[in-house]
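Q: Just so you know, the sequences run in chain order A and B.
Just so we're aligned, residue 51 is where the first sequence starts under this note's numbering, counting upward by one.
Just so we're aligned, residue 51 is where the second sequence starts under this note's numbering, counting upward by one.
It is worth saying that the hints were derived from the structure and are not from the lab.
Please note that the accuracy of each hint is not assured.
No copy is singled out in the list; a pair is fine if it fits within one copy or between any two copies.
Stated by the list, open to error - Below, a list of computed lysine to aspartate or glutamate pairs in the EDC-like style, where the Cα atoms sit at most 16 angstroms apart:
| hint | residue 1 | residue 2 |
| --- | --- | --- |
| 1 | K173 | E258 |
| 2 | K154 | D188 |
| 3 | K173 | D123 |
| 4 | K155 | E128 |
| 5 | K155 | D176 |
| 6 | K173 | E291 |
| 7 | K259 | D196 |
| 8 | K173 | D304 |
| 9 | K259 | E172 |
| 10 | K259 | D188 |
Being a predicted model, the structure only gives us computed values, none of them experimental.
Number of protein chains: 2
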Amino acid sequence: MENTFGISIIGAGRVGWHLAQGLSAAGHPINEIWSRRHSQAQELAERLPAARVVHTLDFSQSPSRLFLLTAADAALEELVRHLILPTGALLAHTSGSQPLDILKKTAGHTGVFYPLQTFSKEKPVDFTQITICLEAADYASMQLLDAAARALGAQPLPMSTQQRRQLHLAAVFASNFSNHLLRIAHELLQQSQLPAALLDPLIRETLEKALSLGPAAAQTGPALRGDAPVMEQHLRQLFGEPAWLELYRLLSADIQKWKKP
Amino acid sequence: MENTFGISIIGAGRVGWHLAQGLSAAGHPINEIWSRRHSQAQELAERLPAARVVHTLDFSQSPSRLFLLTAADAALEELVRHLILPTGALLAHTSGSQPLDILKKTAGHTGVFYPLQTFSKEKPVDFTQITICLEAADYASMQLLDAAARALGAQPLPMSTQQRRQLHLAAVFASNFSNHLLRIAHELLQQSQLPAALLDPLIRETLEKALSLGPAAAQTGPALRGDAPVMEQHLRQLFGEPAWLELYRLLSADIQKWKKP
Numbered sequence: 051m052e053n054t055f056g057i058s059i060i061g062a063g064r065v066g067w068h069l070a071q072g073l074s075a076a077g078h079p080i081n082e083i084w085s086r087r088h089s090q091a092q093e094l095a096e097r098l099p100a101a102r103v104v105h106t107l108d109f110s111q112s113p114s115r116l117f118l119l120t121a122a123d124a125a126l127e128e129l130v131r132h133l134i135l136p137t138g139a140l141l142a143h144t145s146g147s148q149p150l151d152i153l154k155k156t157a158g159h160t161g162v163f164y165p166l167q168t169f170s171k172e173k174p175v176d177f178t179q180i181t182i183c184l185e186a187a188d189y190a191s192m193q194l195l196d197a198a199a200r201a202l203g204a205q206p207l208p209m210s211t212q213q214r215r216q217l218h219l220a221a222v223f224a225s226n227f228s229n230h231l232l233r234i235a236h237e238l239l240q241q242s243q244l245p246a247a248l249l250d251p252l253i254r255e256t257l258e259k260a261l262s263l264g265p266a267a268a269q270t271g272p273a274l275r276g277d278a279p280v281m282e283q284h285l286r287q288l289f290g291e292p293a294w295l296e297l298y299r300l301l302s303a304d305i306q307k308w309k310k311p
Numbered sequence: 051m052e053n054t055f056g057i058s059i060i061g062a063g064r065v066g067w068h069l070a071q072g073l074s075a076a077g078h079p080i081n082e083i084w085s086r087r088h089s090q091a092q093e094l095a096e097r098l099p100a101a102r103v104v105h106t107l108d109f110s111q112s113p114s115r116l117f118l119l120t121a122a123d124a125a126l127e128e129l130v131r132h133l134i135l136p137t138g139a140l141l142a143h144t145s146g147s148q149p150l151d152i153l154k155k156t157a158g159h160t161g162v163f164y165p166l167q168t169f170s171k172e173k174p175v176d177f178t179q180i181t182i183c184l185e186a187a188d189y190a191s192m193q194l195l196d197a198a199a200r201a202l203g204a205q206p207l208p209m210s211t212q213q214r215r216q217l218h219l220a221a222v223f224a225s226n227f228s229n230h231l232l233r234i235a236h237e238l239l240q241q242s243q244l245p246a247a248l249l250d251p252l253i254r255e256t257l258e259k260a261l262s263l264g265p266a267a268a269q270t271g272p273a274l275r276g277d278a279p280v281m282e283q284h285l286r287q288l289f290g291e292p293a294w295l296e297l298y299r300l301l302s303a304d305i306q307k308w309k310k311p
């Protein structure tokens with residue numbers, strides 16, 4: 051396998067934005083960028099030495115060997131139907147939840163290249179801290195995806211579609227849902243005219259303990275202690291917020307059901 | 051007000067452990083330690099220059115001016131019934147959820163000294179990162195509690211019982227419940243034979259974004275995007291875990307109900 055290989059990016063959202071720049075910096079030329087939103091493709095192309103914006107999904111004349119499909123999950127099937135790739139090219143999507151099979155309508159090789167991280171456009175990405183979950187239908191494709199992940203400095207980890215879906219679900223609990231609980235906490239403070247930043251040191255310390263001891267050993271609080279009067283009082287405080295009251299009930303019951311190791 | 055004042059600690063759990071050592075290091079002598087568990091009082095006394103372990107709640111001959119009641123919430127009323135304090139002394143509890151009134155059966159001055167942090171016995175505490183929520187029935191008591199908080203290097207913040215209770219409830223969401231979600235995520239990974247540490251960089255980045263942008267601006271994920279097929283698939287994955295399925299449903303519905311700013 052040659053040391054560098056050309057890449058085209060289909061979808062110029064947050065994932066495409068960071069992968070394209072990372073792979074380009076690692077020496078793999080980004081040849082083409084396609085995006086449903088032209089301006090996003092243009093903005094990304096301006097940051098890459100060799101990239102041009104294309105308006106067609108017919109890539110039959112492309113010099114690229116790897117096509118990264120970084121569009122939203124819901125757009126994948128439609129895009130795959132219209133894509134025309136050069137012979138021997140590898141098409142990989144970057145979704146945590148879509149099966150490898152969703153790409154099977156393309157004639158060529160297929161794979162998955164799912165970076166396990168939350169990306170913001172403004173914030174630089176440290177790929178050395180990121181695992182990229184790989185899946186491929188054949189060995190040569192797996193080799194190419196592995197080389198791309200290593201070029202970024204990321205950790206490649208082959209796994210099945212089923213494992214990747216479970217990881218994606220776990221990430222929703224660990225990231226999206228825990229962030230939502232922080233938002234609820236902020237709103238509770240606002241209701242009592244207390245500054246939101248008051249909780250920041252507690253939030254940091256909770257996280258440090260969860261990461262160093264593991265969340266099982268780090269668990270504390272009224273539910274774990276079985277402190278019924280405090281829990282009863284909290285439910286009274288939540289009387290005006292039925293959804294949060296129900297969340298309090300369920301989370302407390304689940305903490306109590308679980309036996310601390 | 052004199053610059054240093056004697057202190058007695060009633061309860062030698064994690065909060066008493068750290069407050070006693072911090073206040074002693076700041077120059078306030080810890081005179082006496084009482085604990086239901088004698089060995090804990092002994093262990094703490096050995097770390098303090100002037101402290102002795104006492105076996106009675108009759109402190110009428112004590113030289114201390116501040117009595118910190120750091121016992122568990124459930125024990126407070128019973129302890130208060132048996133406490134005898136020197137004339138003019140201030141008794142303060144350290145609970146996030148108990149009213150100031152719970153101390154009213156004592157003859158003297160009363161207050162609240164609630165440090166907003168999660169304490170572990172093994173882990174040193176950086177008091178400069180901690181807010182201590184104060185409440186007192188009179189101005190001189192508030193001054194003494196303020197002086198004690200500042201001696202620790204902590205930030206004193208006077209607030210009402212109602213505000214402190216709301217802060218405590220918010221802390222349960224931000225700390226205990228978010229930690230529990232991390233534990234669920236870990237267990238989901240284990241179910242699929244994936245290493246728990248896989249999520250650590252995502253968890254760190256999520257927290258950094260929540261603290262720098264605020265959790266409202268940092269929210270992402272299938273629920274916020276309204277990605278119904280992915281959410282439907284996640285619910286199928288949770289079929290064998292009805293409590294987590296219900297949590298997924300409620301948290302997603304609450305994210306969707308909320309309008310992102």
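Q: At most 16 angstroms between alpha carbons: which applies to K173 and D304, within, between, both or neither?
A: Classified as neither: same-chain Cα gap 35 angstroms, cross-chain 27 angstroms, threshold 16 angstroms.
Q: When no copy is specified for K259 and D196, does a C-alpha distance of 16 angstroms or less occur within a copy, between copies, both, or neither?
A: neither (33 angstroms within a copy, 29 angstroms between copies)
Q: How would you label the pair K155, D176 (within, between, both, or neither) given a Cα cut-off of 16 angstroms?
A: neither (34 angstroms within a copy, 58 angstroms between copies)
Q: Evaluate K155 and E128 at a C-alpha cut-off of 16 angstroms and name the case that applies: within, between, both or neither.
A: within (11 angstroms within a copy, 73 angstroms between copies)
Q: Are the CA atoms of K173 and D123 at most 16 angstroms apart within a copy, between copies, both, or neither?
A: neither (23 angstroms within a copy, 44 angstroms between copies)
Q: I want to check one pair: K173 and E258. Are their C-alpha atoms no more than 16 angstroms apart within a copy, between two copies, both, or neither?
A: Between copies only: 11 angstroms across, 22 angstroms inside.
Q: Can you tell me if K154 and D188 fall within 16 angstroms by alpha carbon in one copy, between copies, both or neither?
A: This pair counts as within: shortest intra-copy Cα distance 13 angstroms, inter-copy 75 angstroms.
Q: Which holds for K259 with E172 at a C-alpha limit of 16 angstroms: within a copy, between copies, both or neither?
A: The answer is between: 11 angstroms across copies meets 16 angstroms, while 29 angstroms in one copy does not.
Q: I want to check one pair: K173 and E291. Are their C-alpha atoms no more than 16 angstroms apart within a copy, between two copies, both, or neither?
A: neither (35 angstroms within a copy, 36 angstroms between copies)
Q: Between the shortest in-copy and the shortest cross-copy C-alpha distance, which are at most 16 angstroms for K259 and D188: within, between, both, or neither?
A: Neither, since 41 angstroms and 38 angstroms both go past 16 angstroms.
Consistency with the previously given hints fails for numbers 3, 5, 6, 7, 8, 10, ordered from lowest to highest.
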